[in-house]
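Novice: Spelled out from the first residue to the last, the chains are:
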Amino acid sequence: MLRFGFTIASILLAQSTIHAQPLSSVLISASKNINVGEGQLFGKTLTPDCPTPWSITLKKLHGGKQEGVQLLTLDNGKMKITLVPTRGMGVLNVVMGDLQLGWKSPVTEIVHPKYVNLQLRGGLGWLEGFNEWLARCGLENTGQAGQDEIVNNVGDKATVDLTLHGKIANIPASEVVVLVDAKPPHRITIRGIVHEKMLFGPKLELITELSTEPGSRAFRIEDKVTNKSSQPQEYQVLYHYNFGRPLLGDGAKLHVPVESVKPYNANAARDVKTWNRFAAPKPGYVEQVYLIHPLADEAGTVSVLLHDPKAERGVLLEYAKKQLPYLTLWKNTGADEDGYVIGIEPGVSFPNARKVERKAGRVPTLAGGASHTMRMDFTVLTGDGDVSHAIDRIRDVTTRRDEKE
Amino acid sequence: MLRFGFTIASILLAQSTIHAQPLSSVLISASKNINVGEGQLFGKTLTPDCPTPWSITLKKLHGGKQEGVQLLTLDNGKMKITLVPTRGMGVLNVVMGDLQLGWKSPVTEIVHPKYVNLQLRGGLGWLEGFNEWLARCGLENTGQAGQDEIVNNVGDKATVDLTLHGKIANIPASEVVVLVDAKPPHRITIRGIVHEKMLFGPKLELITELSTEPGSRAFRIEDKVTNKSSQPQEYQVLYHYNFGRPLLGDGAKLHVPVESVKPYNANAARDVKTWNRFAAPKPGYVEQVYLIHPLADEAGTVSVLLHDPKAERGVLLEYAKKQLPYLTLWKNTGADEDGYVIGIEPGVSFPNARKVERKAGRVPTLAGGASHTMRMDFTVLTGDGDVSHAIDRIRDVTTRRDEKE
Amino acid sequence: MLRFGFTIASILLAQSTIHAQPLSSVLISASKNINVGEGQLFGKTLTPDCPTPWSITLKKLHGGKQEGVQLLTLDNGKMKITLVPTRGMGVLNVVMGDLQLGWKSPVTEIVHPKYVNLQLRGGLGWLEGFNEWLARCGLENTGQAGQDEIVNNVGDKATVDLTLHGKIANIPASEVVVLVDAKPPHRITIRGIVHEKMLFGPKLELITELSTEPGSRAFRIEDKVTNKSSQPQEYQVLYHYNFGRPLLGDGAKLHVPVESVKPYNANAARDVKTWNRFAAPKPGYVEQVYLIHPLADEAGTVSVLLHDPKAERGVLLEYAKKQLPYLTLWKNTGADEDGYVIGIEPGVSFPNARKVERKAGRVPTLAGGASHTMRMDFTVLTGDGDVSHAIDRIRDVTTRRDEKE
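Chains as they are written, first to last, in the working numbering: chain H, 1 to 405; chain F, 1 to 405; chain W, 1 to 405.
These are computed hints drawn from the structure, not numbers from a lab.
Please read these numbers as outputs of a predicted model, since none were measured by experiment.
A couple of the hints might just be wrong.
For identical chains, the list gives no copy identity; a pair is met inside one copy or between any two copies.
[Stated by the list, open to error] Taking lysine to aspartate or glutamate and the DMTMM-like style, the derived pairs with C-alpha atoms no more than 25 Å apart in a straight line are:
#1 K157 with E234
#2 K104 with D297
#3 K321 with E222
#4 K32 with D98
#5 K104 with D384
#6 K322 with D49
#7 K104 with D75
#8 K228 with E337
#9 K104 with E205
#10 K404 with D377
#11 K60 with D377
#12 K321 with E209
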């Protein structure tokens with residue numbers, strides 16, 4: 001394979017003389033008509049005082065449905081976090097040695113949106129490209145496919161057919177920029193902007209930032225959704241975080257303080273007693289979904305822990321309940337070849353059809369120009385006692401609630 | 001940004017020795033397997049005797065949904081006219097100093113058709129890519145989305161779901177060639193060919209020519225639609241010319257001699273007395289549409305004038321009524337962020353659903369091999385008295401008609 | 001046109017030292033992240049002992065809807081066989097002097113799947129890209145568009161809307177490799193892999209091999225469809241081999257031993273007596289389709305011959321009836337400009353809607369991990385007596401059957 005390569009660092013350094021704080025490098029920009037295509041950027045050049053070697057790599061994929069897709073990998077010296085600018089800034093996976101946040105989907109290629117017809121098979125086309133660790137659902141709608149009622153461009157009521165999990169995961173990012181703090185600890189941020197806009201329809205903007213520090217086992221995802229219209233606009237966001245092996249396995253478990261857990265389908269109801277425990281792959285397993293009202297701690301934070309069968313390794317997710325009030329658990333522990341996976345899905349809604357969620361008061365509206373911000377902090381747990389400490393903290397939240405009642 | 005650039009002029013000069021009259025340069029050709037990608041062509045090289053410097057620039061866009069779109073700008077030394085070969089030879093805008101024919105759509109990128117699913121939201125996907133000054137509607141259908149009855153491939157009646165404004169604006173041009181008259185005044189023509197063809201469906205070809213002279217404030221769009229089938233074929237074309245600021249503003253006005261004006265929707269009916277006057281942006285404004293039977297002058301020409309609030313600047317459109325019998329006015333003067341815009345839309349039909357138009361006798365049919373040509377002449381009015389002179393001429397047409405009656 | 005070109009042979013030679021048997025060259029690979037783009041490979045370099053000069057050429061198409069499509073031409077010194085990796089490894093045509101297997105569709109460009117919306121016009125979007133000699137229909141469904149019932153991801157019955165002729169012809173190949181036997185007769189094989197996979201839907205893999213020998217008038221297509229799921233999966237495959245001039249013409253004829261021939265539509269019923277004879281182009285001709293149960297010879301082989309009006313030239317197709325039990329004949333001998341063509345279509349099903357075929361027991365199921373292989377051998381007949389010899393052989397099959405009864 002012949003390929004054109006160059007170093008983004010030169011651009012970045014040139015820019016860094018102008019914007020000393022932070023260093024910034026534009027990788028993709030529709031407004032500036034830029035797409036650097038492929039390239040690498042090295043910490044040793046940009047932050048020579050940083051003892052941890054880190055890098056950022058942008059590359060293009062080839063072959064089949066992934067032809068032309070761009071992958072952006074942030075290696076902070078401890079973890080490699082791979083984003084997909086071409087697919088709405090989804091996160092393909094987070095790799096730390098033999099530990100991975102992510103899963104093995106039957107969809108093995110990173111599918112270019114040009115090959116995804118969201119309306120196929122009754123609005124389920126989204127499933128032809130689904131294989132990321134984080135696939136965002138939204139922004140106009142976030143849940144099941146189906147018809148909903150809207151007011152159309154001439155002021156009449158009309159029906160609109162919404163597709164499963166919305167459009168945002170299949171819209172290429174319009175702007176992608178890397179920001180690096182010039183001062184220690186040299187926090188590295190990848191900022192992307194994705195537009196979900198049309199005439200006579202939603203004019204929603206997603207600004208997403210994924211950031212971490214060199215050498216850290218933690219990273220943050222912070223999203224801001226803005227209604228760019230002058231008029232009020234409904235919106236929905238749901239974070240479809242998906243986990244397969246090695247965290248998932250027979251005996252893996254989810255810990256989250258809950259107010260209530262409600263099974264979504266018949267299979268889920270049957271197994272509600274083991275709702276937060278995961279089994280080995282079972283060929284022909286039919287998915288189970290649970291709708292959760294989580295319990296926040298006194299600071300308003302929801303903590304969610306997933307740990308592996310031995311309770312040795314795990315991932316801790318922390319976020320403000322005010323920003324993401326609802327949590328969905330998707331258990332889909334079928335055969336490996338069919339996608340052995342669970343989903344942990346905080347959202348502003350549950351993944352019901354929008355008209356169902358609206359009736360339940362779970363479809364928020366943004367006034368013209370208004371925004372909603374959602375911040376999620378992830379920590380990969382690998383050391384002695386990390387997991388048990390997190391379990392204790394989560395148990396404490398429930399205990400305190402019970403004491404109050 | 002690194003980019004491959006070269007001069008088309010060399011190709012053009014090489015060809016010009018063969019085809020002395022006119023000079024021609026192929027930019028895109030499916031039949032010859034050519035796409036030059038990017039490049040520039042200069043008048044000083046091609047027409048050294050021409051005192052006005054002119055140029056043609058082909059460039060590629062990057063980032064978001066515009067990745068891979070090609071823009072073709074004809075700068076005649078007075079105006080810059082930008083066409084979009086990737087989007088059916090639509091015209092993005094015409095810029096002359098601070099005067100612009102065009103508008104600011106909430107869709108800010110020039111969207112590649114690969115990202116447009118015309119069937120989304122009940123056949124309204126077209127609106128996800130709509131931001132040109134000229135977006136052609138057609139060729140199989142031109143108006144509202146909806147079902148229509150056809151005869152299918154086995155001779156039975158069947159329903160077909162047509163999408164809003166048809167396909168042609170989202171089909172990339174198969175052939176794009178620049179033609180330059182070797183002799184003064186060196187008329188420059190951009191010719192594009194767009195195919196809307198399928199088995200067991202329409203086999204329609206659009207040949208479109210946009211032409212102007214160096215230094216001129218006028219340009220012409222001349223389209224020929226041909227039925228390449230052996231069998232009769234219905235077709236529809238509507239020219240969606242869209243205007244925002246600076247021509248549009250509080251007090252801007254449309255002048256056109258009319259036989260009749262019919263409001264299309266309830267809002268339009270309410271405001272029918274001010275149908276041809278435009279207001280300042282009003283957040284939440286619901287579009288108003290008027291269906292117009294224009295009045296031609298004695299030569300058969302319809303003249304349409306749009307002028308700015310001060311009646312100082314404007315644009316005059318002239319065309320043969322026989323070629324484009326119906327005229328639609330679209331008023332959509334909502335907030336700037338929602339698309340402050342009006343549309344002046346001559347067509348062979350009104351933009352009703354095709355079955356409505358057919359019933360009214362406004363869906364023409366082309367015999368096998370037959371063509372229909374539509375020519376539109378535009379003049380940008382900026383000088384002293386330009387606008388008032390055009391107003392007088394248009395008033396005369398109405399006056400003469402009234403005298404006859 | 002400027003274009004980047006290079007010789008694949010260098011890669012291939014480098015590899016050939018490792019894999020001595022056979023020589024192999026990877027052209028496209030999603031798993032290895034490779035797409036060589038364009039290039040050529042020559043027999044004189046790879047098989048210097050082969051007296052017949054052969055070559056393989058990969059090129060990219062430009063302009064209109066074919067922008068970015070890759071064509072792969074295998075020239076065995078006698079025939080040029082052109083495959084379309086971007087369109088599911090379809091075969092555009094087979095050219096041998098002035099003889100061609102293929103047809104002239106009204107769709108003249110080789111359409112990139114990114115421009116094909118299979119759901120357009122009630123599921124007939126497939127017809128916007130249809131112009132190959134071989135367009136595979138399948139793999140989830142193969143026939144008419146329409147709704148069918150499935151079991152969905154939560155175990156409930158649901159309807160799914162299937163599109164005409166399925167997806168496989170509009171999915172780009174994920175892997176394309178050239179294999180050349182190092183030993184005489186140096187059989188050349190082009191192997192492609194196409195995935196039709198999604199979560200909660202089919203996980204089908206097509207491995208297709210087209211092979212021939214230098215200097216030969218024969219070639220083979222051998223396909224293997226594998227169910228990569230753990231669960232049983234229905235599938236359908238139909239080979240849409242299409243012929244126009246010069247084999248098709250007034251007096252051209254199809255010879256195939258039959259158990260039964262059933263007209264599919266009213267027009268076909270009317271002309272059932274001449275079901276296997278073809279007429280000159282007739283503008284406005286409405287397609288006729290015949291559903292055939294072919295008769296195999298004692299070895300289980302079905303032989304199908306199409307010969308030209310003079311019975312001088314033709315093509316012979318041979319395959320195992322067990323692999324492809326049903327045969328469909330599509331007569332569409334309309335005007336040249338509308339697509340003068342017939343289709344010879346062996347399949348595991350007839351092209352009825354899937355629910356119709358299922359009811360008739362013609363929708364096979366693959367167990368988890370199971371495969372089905374289909375092999376078709378083609379011989380181009382040009383010499384003295386080739387055609388009459390084939391006619392005799394086919395007549396013998398019928399005669400022997402009749403003698404047995």
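Novice: Kindly indicate which numbered hints from before are broken by the structure, ordering the numbers from low to high.
Specialist: Violated hints: 2, 5, 6, 10 and 11; rest satisfied.
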